[in-house]
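Starting from the given sequences, assemble the full structure and let the hints guide the process.
Quick note, the sequences are listed as chains A and B, same order.
The opening position of the first sequence corresponds to residue 20 in my numbering, with each subsequent residue numbered one higher.
The opening position of the second sequence corresponds to residue 201 in my numbering, with each subsequent residue numbered one higher.
In case anyone wonders, no lab produced these hints; they're calculated from the structure.
Any given hint could turn out to be false.
Taking lysine-lysine pairs in the DSS-like style, the calculated list, with each CA pair at most 27 Å apart, reads [said to hold, decoys possible]: (1) 47/A x 391/B; (2) 42/A x 653/B; (3) 557/B x 135/A; (4) 493/B x 203/B; (5) 135/A x 42/A; (6) 523/B x 388/B; (7) 482/B x 398/B; (8) 259/B x 818/B; (9) 47/A x 653/B; (10) 618/B x 125/A; (11) 818/B x 265/B; (12) 533/B x 523/B; (13) 42/A x 388/B; (14) 47/A x 769/B; (15) 60/A x 93/A; (16) 410/B x 203/B; (17) 339/B x 125/A; (18) 557/B x 493/B; (19) 47/A x 388/B; (20) 150/A x 178/A; (21) 237/A x 93/A; (22) 135/A x 203/B; (23) 772/B x 135/A; (24) 339/B x 618/B; (25) 533/B x 60/A; (26) 125/A x 341/B; (27) 906/B x 862/B; (28) 42/A x 760/B.
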Amino acid sequence: MQSAVIVFPASNCDRDAATALEKITGRKPLMVWHEETTLPKVDFVVIPGGFSYGDYLRSGAIAARSPIVRDIVKKAGNGLPVAGFCNGFQILTEAGLLPGALMRNKGLRFVCRPQKLQIVNGDTMFTKAYKGITEVTYPIAHFDGNYYADNDTLRELRKTGRIVFKYIDNPNGSLNDIAGICNEAGNVLGMMPHPERAVDPLICDSGRGGTDGIALFKSVLEAVR
Amino acid sequence: MKKVKITPEVVAEHGLSEKEYEIICDRLGRAPNITELGIFSVMWSEHCSYKSSRRHLKKMLTKGKRVIQGPGENAGVIDIDDGDAIVFKMESHNHPSYIEPFQGAATGVGGIMRDVFTMGARPIANLNALRFGEPSHPKTKSLVAGVVHGIGAYGNCVGVPTVGGETNFHRGYNDNILVNAMCVGLAKQDKVFYSAAKGVGNPIFYVGSKTGRDGIHGATMASAEFDDDSDAKRPTVQVGDPFTEKLLIEACMELMATDAIIAIQDMGAAGLTSSSIEMADKGGVGVKMNLDKVPQRETGMTPYEMMLSESQERMLMVLQPGKEHIAIEIFEKWDLDVAEVGITTDTGHLVLTHKSKTVCDIPIAPLGDDAPNLNRPYDPPKNLDTLYNDQIMDPVTRGTSYNDVVTTLITSPDIASKRWIWEQYDRSVMGDTVDSSNSGGDAAIVRIHGTNKAIAITTDCTPRYVTADAFEGGKQAVAETYRNLCSVGAEPIAITDCLNFGNPERKDVMGQFVRSIEGIDAACRALDYPVVSGNVSLYNETNGQAIPPTPAIGGVGLIKNLERYATLKGAKEGEHLVLLGKTDGWLGASLYAHLILGHAKSEAPLYAPPPVDLEAEKAAGTYVRRLIRDRRVSSVHDLSDGGLALAAIEMAFANGFGFKLKGSADVPLYAWLFGEDQGRYLVSVEENSLNPVISTARTLNIPAQKVGTIGGSRLIATGGFDLSLQDTHMEYESWLPDYMAD
Numbered sequence: 020m021q022s023a024v025i026v027f028p029a030s031n032c033d034r035d036a037a038t039a040l041e042k043i044t045g046r047k048p049l050m051v052w053h054e055e056t057t058l059p060k061v062d063f064v065v066i067p068g069g070f071s072y073g074d075y076l077r078s079g080a081i082a083a084r085s086p087i088v089r090d091i092v093k094k095a096g097n098g099l100p101v102a103g104f105c106n107g108f109q110i111l112t113e114a115g116l117l118p119g120a121l122m123r124n125k126g127l128r129f130v131c132r133p134q135k136l137q138i139v140n141g142d143t144m145f146t147k148a149y150k151g152i153t154e155v156t157y158p159i160a161h162f163d164g165n166y167y168a169d170n171d172t173l174r175e176l177r178k179t180g181r182i183v184f185k186y187i188d189n190p191n192g193s194l195n196d197i198a199g200i201c202n203e204a205g206n207v208l209g210m211m212p213h214p215e216r217a218v219d220p221l222i223c224d225s226g227r228g229g230t231d232g233i234a235l236f237k238s239v240l241e242a243v244r
Numbered sequence: 201m202k203k204v205k206i207t208p209e210v211v212a213e214h215g216l217s218e219k220e221y222e223i224i225c226d227r228l229g230r231a232p233n234i235t236e237l238g239i240f241s242v243m244w245s246e247h248c249s250y251k252s253s254r255r256h257l258k259k260m261l262t263k264g265k266r267v268i269q270g271p272g273e274n275a276g277v278i279d280i281d282d283g284d285a286i287v288f289k290m291e292s293h294n295h296p297s298y299i300e301p302f303q304g305a306a307t308g309v310g311g312i313m314r315d316v317f318t319m320g321a322r323p324i325a326n327l328n329a330l331r332f333g334e335p336s337h338p339k340t341k342s343l344v345a346g347v348v349h350g351i352g353a354y355g356n357c358v359g360v361p362t363v364g365g366e367t368n369f370h371r372g373y374n375d376n377i378l379v380n381a382m383c384v385g386l387a388k389q390d391k392v393f394y395s396a397a398k399g400v401g402n403p404i405f406y407v408g409s410k411t412g413r414d415g416i417h418g419a420t421m422a423s424a425e426f427d428d429d430s431d432a433k434r435p436t437v438q439v440g441d442p443f444t445e446k447l448l449i450e451a452c453m454e455l456m457a458t459d460a461i462i463a464i465q466d467m468g469a470a471g472l473t474s475s476s477i478e479m480a481d482k483g484g485v486g487v488k489m490n491l492d493k494v495p496q497r498e499t500g501m502t503p504y505e506m507m508l509s510e511s512q513e514r515m516l517m518v519l520q521p522g523k524e525h526i527a528i529e530i531f532e533k534w535d536l537d538v539a540e541v542g543i544t545t546d547t548g549h550l551v552l553t554h555k556s557k558t559v560c561d562i563p564i565a566p567l568g569d570d571a572p573n574l575n576r577p578y579d580p581p582k583n584l585d586t587l588y589n590d591q592i593m594d595p596v597t598r599g600t601s602y603n604d605v606v607t608t609l610i611t612s613p614d615i616a617s618k619r620w621i622w623e624q625y626d627r628s629v630m631g632d633t634v635d636s637s638n639s640g641g642d643a644a645i646v647r648i649h650g651t652n653k654a655i656a657i658t659t660d661c662t663p664r665y666v667t668a669d670a671f672e673g674g675k676q677a678v679a680e681t682y683r684n685l686c687s688v689g690a691e692p693i694a695i696t697d698c699l700n701f702g703n704p705e706r707k708d709v710m711g712q713f714v715r716s717i718e719g720i721d722a723a724c725r726a727l728d729y730p731v732v733s734g735n736v737s738l739y740n741e742t743n744g745q746a747i748p749p750t751p752a753i754g755g756v757g758l759i760k761n762l763e764r765y766a767t768l769k770g771a772k773e774g775e776h777l778v779l780l781g782k783t784d785g786w787l788g789a790s791l792y793a794h795l796i797l798g799h800a801k802s803e804a805p806l807y808a809p810p811p812v813d814l815e816a817e818k819a820a821g822t823y824v825r826r827l828i829r830d831r832r833v834s835s836v837h838d839l840s841d842g843g844l845a846l847a848a849i850e851m852a853f854a855n856g857f858g859f860k861l862k863g864s865a866d867v868p869l870y871a872w873l874f875g876e877d878q879g880r881y882l883v884s885v886e887e888n889s890l891n892p893v894i895s896t897a898r899t900l901n902i903p904a905q906k907v908g909t910i911g912g913s914r915l916i917a918t919g920g921f922d923l924s925l926q927d928t929h930m931e932y933e934s935w936l937p938d939y940m941a942d
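So this is what it looks like as structure tokens:
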């Protein structure tokens with residue numbers, strides 16, 4: 020599987036994503052600069068965490084209008100698997116690939132901790148390899164992770180199994196404890212937690228054992244094969 | 201621009217003495233103009249010239265087998281094998297953080313990171329040593345909130361994990377908080393960059409943010425008199441932009457991978473002035489700059505303002521001639537300003553032109569060579585009495601209980617969990633944080649990316665001890681970092697020091713300063729643990745009341761193999777607790793004495809702090825590292841504030857198991873549990889290792905004994921306390937969030 024990681028000027032989890040992808044897919048991802056207008060031919064795209072263009076406006080608002088994201092929107096529409104973690108999730112909602120918005124955390128503070136999550140839908144291209152495991156721990160590290168959508172959207176997300184991850188002990192006020200969702204076709208995932216920082220048993224600071232994120236990337240690997 | 205007349209008042213407002221002004225006139229052969237006066241004044245300020253401290257700092261141990269670069273550059277550099285180098289430094293940003301906590305703390309973090317990546321090192325970890333006033337002071341809460349938010353906002357955005365630090369509260373910091381930021385970076389030894397501007401005729405480049413009127417010293421006078429049309433006085437606290445810092449890091453890293461840079465220096469305090477002069481002075485060259493070329497954020501800036509501005513996120517570089525286009529291309533790619541502002545010369549002078557006129561022409565050497573080097577008089581602090589244990593110090597005699605003592609200590613501001621603070625810092629970005637504040641461990645552990653080795657990092661100082669005995673307190677601060685590094689299995693390599701004191705013109709304060717340095721140095725020499733970088737912050741006082749002397753020490757060590765390290769976690773039920781090191785039950789200047797015996801109420805310190813036996817310290821530390829290497833211990837914690845009881849409790853919090861401690865035949869129970877004798881470790885060992893761990897220690901003359909067992913859900917000291925692990929943990933966690941939510 021050839022993957023790509025999008026690099027904005029203030030992306031800061033681009034290396035984390037690249038490390039995880041290389042470790043699990045066995046191939047270095049292509050690092051794609053934000054000014055590119057066309058994605059190279061790849062099987063999977065990660066929009067990493069960070070602050071894209073500083074995020075002095077709404078998080079992800081400017082990045083969503085960058086040349087590369089316009090091409091991602093187009094190709095995602097044709098079925099290209101795309102995952103956005105943290106700032107990547109914010110960008111995907113701003114770009115309209117996913118519904119809803121990420122607002123300031125309820126406590127009005129940045130929050131970084133190992134976070135327990137429930138896998139609500141284990142039958143997506145991002146969760147299949149969890150094979151029935153329903154509880155995982157990934158690190159979270161964000162200020163704007165408070166998921167909001169109107170009632171109709173929330174109902175729709177619930178009904179169609181598009182809520183992929185929920186928080187156990189909600190850290191930021193997200194409606195319905197939503198931590199991650201996918202689009203209708205199931206090929207675009209956005210989530211605030213960082214599975215890419217949970218791929219190494221030595222990195223205990225990320226949670227218990229720190230390897231719960233591996234199966235997410237394996238799921239994609241198996242799906243695109 | 202109106203010409204400013206140099207009157208004695210103007211000289212005084214620039215903080216220069218009459219004698220210093222005479223030296224300037226003598227070296228120039230004429231009176232300086234206002235720009236030149238401004239340059240001399242900042243270069244000879246305490247901050248840049250270290251005039252009160254230089255002669256004392258010179259005495260310190262700065263060399264060692266792993267030291268690549270000691271003090272004198274932007275940061276210290278040490279060898280961590282395989283061609284890798286660690287670059288690190290700690291610096292204060294106290295005054296700005298008190299005035300404007302968010303921006304003050306944020307720019308403190310930004311400034312220390314620039315010191316590190318200026319040398320070619322990518323920042324991989326940040327730490328912060330914070331001191332606030334007493335919790336009941338009306339300003340404390342908002343200062344805590346602002347400082348923590350500022351540190352997080354900057355470090356989180358730049359994408360460098362904030363992995364550790366310490367926080368104290370004391371009334372002595374009510375009007376003068378301390379914000380000491382430490383940054384650790386990783387470089388290749390053959391790609392470390394220095395600030396000496398070599399060669400003549402080489403282009404000087406300015407990169408980063410534009411220059412504005414922020415942070416200008418003496419700006420009150422200067423902007424009022426310089427230009428009558430000047431629209432407003434600008435705030436003197438600098439404003440940080442972490443987005444630009446992130447771009448600057450990436451652009452510098454990209455340029456450093458080429459061979460275009462001869463020398464590079466960040467613009468910190470006194471911005472363009474100190475960066476250009478330090479580069480020229482170190483390289484033995486002159487500098488000519490055209491100030492019209494300096495990227496400016498505001499119109500009508502004078503040479504004085506440009507040279508003294510402390511706008512953030514700027515760097516000065518000397519490039520290889522012919523390679524300018526490489527730099528321009530990279531900085532333009534990252535949307536940063538880049539401008540050729542000058543050239544190196546053979547005149548030995550700093551020459552500045554502005555609007556085709558020469559506005560400054562001064563010899564560079566005197567700025568450094570003739571900088572004041574004061575020998576301030578000082579009174580060494582007098583030695584305090586030893587506090588001898590006495591029945592009246594027993595909690596029961598005092599009408600309280602051991603349970604209450606534990607609860608008081610565990611919920612005291614200095615001890616209670618700082619989760620509310622460190623959860624606001626991204627600790628896991630970069631994917632190499634093995635352990636951070638998360639586990640309550642002794643030192644943070646950060647892996648070297650792509651390898652199986654790691655560095656351990658810690659910051660420590662116990663102002664309570666330094667106040668009582670500056671020499672022993674200085675020793676102790678270094679020893680505690682050493683102990684914390686050994687606790688995780690790291691070989692301690694070197695330290696950075698951030699020396700925060702009051703007004704050096706006061707003999708007692710100067711005495712504290714000198715004795716602390718002597719204590720630090722004694723520990724460095726005995727432990728073979730040199731100082732490679734640091735910072736001095738004096739005049740920390742309000743209304744004549746100095747802060748408690750606070751020499752914060754940042755220690756760095758190496759874990760060669762990540763299969764062999766330890767933290768507080770890992771102890772299993774049924775394992776034994778073994779105490780290493782000598783216990784006399786020392787309570788002078790202890791947390792117990794301060795909070796339970798009421799010594800904290802005294803304005804002056806009452807009793808001597810625990811002495812540090814450096815030979816014993818070294819022996820115990822070496823032995824603990826060996827035990828970790830040989831996998832003889834499942835978890836390790838050093839003993840510090842609150843002694844054995846608190847060490848065991850913190851271990852219990854990390855592991856989720858209770859314990860049962862027993863007393864000692866030689867030391868009264870309260871002193872046994874809460875004494876703060878130095879050089880001690882608590883380790884957990886399985887049954888098979890118990891006797892070997894104890895007997896080997898004894899052959900090495902290290903006192904060792906079994907003090908308890910692990911298991912259950914109660915925290916028990918036989919004949920003393922008996923508490924629920926869960927409830928105590930909850931109390932420990934809730935003090936700070938409750939306080940901040942009030």
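Hint check:
With a C-alpha separation of about 25 Å, the suggested pairing of residue 47/A with residue 391/B holds against the 27 Å cut-off. As the CA atoms of residue 42/A and residue 653/B are separated by approximately 18 Å, the hinted pair is consistent with the 27 Å bound. Between the alpha carbons of residue 557/B and residue 135/A the distance comes to roughly 66 Å, so the proposed pair goes past 27 Å and is violated. With a C-alpha separation of about 22 Å, the suggested pairing of residue 493/B with residue 203/B holds against the 27 Å cut-off.
Using a Cα cut-off of 27 Å, the hinted pair residue 135/A and residue 42/A holds, with the two alpha carbons roughly 23 Å apart. Among the hinted pairs, residue 523/B with residue 388/B is consistent with the structure: their alpha-carbon atoms are about 22 Å apart, no more than 27 Å. Simply put, residue 482/B and residue 398/B have alpha-carbon atoms about 8 Å apart, close enough for the 27 Å limit, and the pair holds. Note on residue 259/B and residue 818/B: the hinted pairing holds, with a Cα-Cα distance of about 22 Å set against a maximum of 27 Å.
About 23 Å separates the Cα atoms of residue 47/A and residue 653/B, which keeps this hinted pair within 27 Å; it holds. This hinted pair checks out: residue 618/B and residue 125/A have alpha carbons roughly 20 Å apart, not beyond 27 Å. Using a Cα cut-off of 27 Å, the hinted pair residue 818/B and residue 265/B holds, with the two alpha carbons roughly 17 Å apart. Proximity of residue 533/B to residue 523/B is assessed by CA-CA distance (about 16 Å); at most 27 Å being required, the pair is judged to hold.
About 24 Å separates the Cα atoms of residue 42/A and residue 388/B, which keeps this hinted pair within 27 Å; it holds. For a cut-off of 27 Å, the pair hint linking residue 47/A to residue 769/B is broken: about 34 Å separates their Cα positions. Only pairs whose Cα atoms come within 27 Å are accepted, and residue 60/A paired with residue 93/A is accepted, the gap being roughly 13 Å. Distance check on the hinted pair: residue 410/B and residue 203/B sit about 26 Å apart at the alpha-carbon level, within 27 Å; holds.
With a CA separation close to 24 Å, the supplied pair residue 339/B and residue 125/A stays within the 27 Å bound. At roughly 14 Å between alpha-carbon atoms, residue 557/B and residue 493/B fall within 27 Å of each other, so this suggested pair holds. Restraint check for residue 47/A and residue 388/B: the C-alpha separation of about 23 Å stays at or below 27 Å, so the hint holds. A threshold of 27 Å between alpha carbons decides the hint, and for residue 150/A with residue 178/A the separation of about 22 Å falls inside it, so the pair holds.
Restraint check: the Cα-Cα separation between residue 237/A and residue 93/A comes to about 25 Å, which is no more than 27 Å; the hinted pair holds. At most 27 Å may separate the alpha-carbon atoms for a hinted pair to count; residue 135/A and residue 203/B exceed this at roughly 66 Å. Only pairs whose Cα atoms come within 27 Å are accepted, and residue 772/B paired with residue 135/A is accepted, the gap being roughly 24 Å. Using a Cα cut-off of 27 Å, the hinted pair residue 339/B and residue 618/B holds, with the two alpha carbons roughly 19 Å apart.
For the suggested pair residue 533/B and residue 60/A, the alpha carbons sit about 24 Å apart, so the restraint of at most 27 Å is met. This hinted pair checks out: residue 125/A and residue 341/B have alpha carbons roughly 20 Å apart, not beyond 27 Å. Note on residue 906/B and residue 862/B: the hinted pairing holds, with a Cα-Cα distance of about 9 Å set against a maximum of 27 Å. Straight-line distance between C-alpha atoms of residue 42/A and residue 760/B comes to about 23 Å, which keeps the hinted pair within the 27 Å bound.
Hints 3, 14, 22, counting from the list given before, are not met by this structure.
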